[in-house]
Amino acid sequence: MPGELASRDRVVGLKQTRRAVMQGAARAVYLASDADPRLTEPLRELCRAQDVPCDGSMTLQQLGRACGIAVPAAAVAVLNG
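Taking the numbering used here as reference, the numbering of the sequence shown is continuous, increasing by one, and the terminal residue is 162.
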């Protein structure tokens, strides 16, 4: 799992991730593979439009654990340094 997800330079959650991408603050985005596509697909399209790399290889549980939080996470944005 990407070690960058455990850093402090990230935001967790669909709304915060979308905001970071829209503001140009996201370096990479991770979306849970088992999250509802109706929620994640618009964010995936936004990432494509903004040329932000988007990874969808982890589940909700795996993504939450990789971030060091005790709850599942549908989306995480790693922020620009």
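A couple of the hints might just be wrong.
Stated by the list, open to error - Only pairs whose alpha carbons sit at most 25 angstroms apart, straight line, appear in this in silico SDA-like list of lysine to any residue:
#1 Lys96 / Gly162
#2 Lys96 / Pro123
#3 Lys96 / Val152
#4 Lys96 / Cys148
#5 Lys96 / Thr140
#6 Lys96 / Gln143
Keep in mind that the hints were calculated from the coordinates and are not lab data.
- Task: Decide if the proposed pair is consistent with the structure: Lys96 and Cys148, CA atoms, cutoff 25 angstroms inclusive.
- Result: Status holds; Cα separation ~16 angstroms.
- Item | Pair hint outcome, Lys96 versus Thr140 [Cα-Cα no greater than 25 angstroms] | Cα-Cα ~18 angstroms, so holds.
- Message: Can you confirm whether the C-alpha distance between Lys96 and Gly162 stays at or below 25 angstroms?
- Response: The given pair, whose Cα atoms are some 20 angstroms apart, holds under the 25 angstroms limit.
- For the pair supplied as a hint, Lys96 and Val152, is the alpha-carbon distance within the 25 angstroms limit? holds, 16 angstroms
- Item | Straight-line alpha-carbon gap Lys96 to Gln143, limit 25 angstroms | holds, 19 angstroms
- Query: Does Lys96 pair with Pro123 here, judged by a C-alpha cut-off of 25 angstroms?
  - Reply: holds, 11 angstroms
The structure shown violates none of the earlier numbered hints.
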